[in-house]
Amino acid sequence: MDAKLHVSSSPHFRGSNSTRRIMLDVIIALCPAAIASCVIFGWRSLMLIAICVASCVLLEYVARKIMKRDTTVGDLSAIVTGLLLALNLPVDVNPLIAVFGCVIAIIVVKQMFGGIGMNFVNPALAARIVLLVSFPSAMMHWVPALGAPEDAIIDATTAATPLAAAPGTYSYVDLLIGRCGGSIGEVCAVALIAGGVYLVIRRVISPIIPCVYLATSALMSLVVGLDPLYQLLSGGMLLGAIFMATDYTTSPVTRWGKVIYAVGCGFFTIMLRAFSNMPEGVSFSILLMNILVPLIERITVPRTLGYIKKKKGDSK
Amino acid sequence: MSELSFPKRPYRTRGGVHAPHNKNTAHKESVIMPVPPIVALPMTQHIGAPCKPMVKVGDTVDVGQQIAGSEAFVSAPIHASVSGKVKKIDKITMPDGSRVDAIFIESDGEQRLSPDLKPPQVETLSELIKAVRDSGLVGLGGAGFPTAVKLNIPSDKTVDTLIINVAECEPYITSDHREILENSWDVISGIITVKEFLNIHRVIIGIENNKPDAIKALREIADSSIDPEDEIRVLPIKATYPQGAEKILIKACTGREVPMGGLPSDAGCLVMNVGSIAFISRYLKTGVPLVSRRLTVDGGCIADPVNVIVPIGTPIKDVIDFVGGYKEQPYKLIMGGPMMGISLPNDDLYVMKQNNAILALSAKEAMMTEPSACIRCGKCLDACPMRLQPLELSNAADRGDVDALKHFNAMNCMECGCCSFTCPAKRHLVQNIRIGKALLNKAKRDAIAASKGGKN
Ligand code: SF4
Ligand code: SF4
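Keeping their order, the protein sequence lines are chains X and Y.
Under my numbering, the very last position in the first sequence is 316; numbers go up by exactly one each time.
Under my numbering, the very last position in the second sequence is 456; numbers go up by exactly one each time.
So here's chain X without its partners, still in its complex pose (with noise of 0.2 Å):
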């Protein structure tokens, strides 16, 4: 044998797991909640996506030229963010703003702070909150969705939102199937439920975040006197709950510390909802959890095989 051999650290096989192909499977559960958009909203909801995408895979690629690092487009984690970040925008918003949304998002937060993996907070919650901030009106309209109920449509584009409407306007069956106003990704309860079971087949997230994010949400709408039922079927719930609190880089990855993560998102979103002139508590409450991340994480360290607390405990 003359040839050289390869020497390397063990272990020599390595699982066909990868980055690539997690974010792959993101797209794939997206697409439920992408393609009812379209039907619900029409080909502007597409472009609206579209725009999104493009723009930010682009401008990861030149951010991460201008800085002189390798290429992470191949990850297709920018397309991921740049399609979250369309699902949480109105359909009629203006072009201009979303490709400033993905500024934020890829430039800003995700790239500035290193790349994926390094933000501290969601780059497409992120830049949702500050297009609320910065463009409140354009943010905030919602035109009929198809099949919206009457009494939802206030004007010939514009709707309410299942949040803001009154009591009884919107059915179940409406929230569920997307027949109500809100961001084009939001409204189709079905289509994100699909995704999330689809991601937790897959193992891509463990379903220990969303389900304590709604089980909180529901027992906090009691505690509050709202219905915990519409209450996890309007709005950004489902969509937050589902692919934005369980964002990897911006949760704790202790099974305790998800716990306590997506306890507080719950909590935190009610509660916004319920006492603040907010119209909406998802995003914020989900970035104020991910600033708190590092401190969960500390407080939640798992206990090694074969740790024993301070005090003798006895052996068996």
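Just so you know, these hints were derived from the structure itself, not from any lab.
The C-beta atom is built at its ideal place from N, Cα and C for all residues, glycine as well.
The reader is advised that the hints may include incorrect statements.
[Said to hold, decoys possible] Computed beta-carbon distance windows for the label pairs:
| hint | chain 1 | residue 1 | chain 2 | residue 2 | range |
| --- | --- | --- | --- | --- | --- |
| 1 | X | E150 | Y | P371 | 56 to 62 Å |
| 2 | Y | T93 | X | L288 | 53 to 59 Å |
| 3 | X | K68 | Y | N346 | 37 to 43 Å |
[What the hints assert, rightly or not] Chain X regions said to be covered by chain Y (calculated; three or more residues, Cβ under 8 Å):
| hint | stretch |
| --- | --- |
| 4 | 25–34 |
| 5 | 90–96 |
Assemble chain Y with the ligands onto chain X, guided by the hints.
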């Protein structure tokens, strides 16, 4: 203490990965390799103090004759594996890169047994321990810890359970599996010897459920009249990697946890590899020390994978030639399994006592992709059987942060490789953690040195 019971099913263990099994050689009879022209026996083939040569260049030696030994408590003597002449005593490079003296013996092909060999007289536990020490036995599963030291249980500890490790969770390796199929009686009689001398009344044979034929073979004997009290039972465990790691196996078989930094005896357990236990029974019958072993030769580049019984010290080249050579140029040559084995720089090395496999992997099997940034997916935490936080450990090692390494219990990492295996960003987690552990060891030594310096 309450009456010991046998678990009906294994206790729950966390983490682990589904590495491909690739047990291609499980159903092939082991073959015995002819005596090689030359063998090399390095002075450390065990954990503990190195041996000192007891022969000179030019001496004639017989099979089974002791040629090196040590006075140290943790050590194991070395015996000639072929008959012939000592050709030279020279340094060789070990798989881990260290340079160690080795005795080279040129074989005369006669395989003359040393006339001094006779079955040892064993009446008491201390005689058994002495016999096992004289046999040169070390853990044959890969770690190479001297078995005699293991059997010498400190008087302040009670061991009530003997666990026989047949998990063989590493991909490819089937040497233990073959040992059971080919020598099941040796296994059981070895168990009986050890259990009687150590007065243990619960023996659990932990075996992965992907070896139904071995489970059946062992059950047939264990349920026979040879074990009237029914104190030996076979416990099939799930076939995931790393069920065979000592601490994990103890957890699966008894539900007990070995305290951090402790030994199996701290959890009342003695864990022995099936090959080692079968060897003890053969040694007591014949008195022939550890001079040969079974190892799996496999991997995508091996023409005809099979288990081979080879004299210890046989050049790896010869072993591979014997099974038909390389089918294609290997990308990696590994001593041990693909998850924990050491990759070799060339095939110019020799089979050692604890060496359970030689794998020649093709690029397709062992190719690595470049690591990318950690996406904090948490998959490494879920995979870690010790419930550590590999990403934190690896980052702490990168930063050289000794306090963080301590805080995250770096020393409890057993380097099983599950975290690296599972990481979607292909990060070299184990490699970094190893560096971290070395940092901790160094910090500890420095602290000791500093405190000594202070006293003077
Ligand atoms: S598995 Fe890899 S990418 Fe995921 S958290 Fe661990 S180190 Fe990071
Ligand atoms: S190598 Fe260490 S940190 Fe990684 S999975 Fe194994 S025990 Fe855990």
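Quick rundown of the hints versus the structure:
Range check, X/E150 to Y/P371: about 57 Å between beta-carbon atoms, so the 56 to 62 Å window is met. Checked against the hint of 53 to 59 Å, the pair Y/T93 and X/L288 passes, with Cβ atoms roughly 57 Å apart. At about 39 Å, the CB distance of X/K68 to Y/N346 agrees with the hint of 37 to 43 Å. Here the stretch 25–34 of chain X counts 0 residues with a CB under 8 Å from a CB of chain Y, which misses the bar of 3, and the coverage is violated.
Interface restraint, the stretch 90–96 of chain X with chain Y: violated (0 residues with C-beta to C-beta distance below 8 Å; minimum three).
Comparing the model with each earlier hint shows violations of hints 4 and 5; every other hint is respected.
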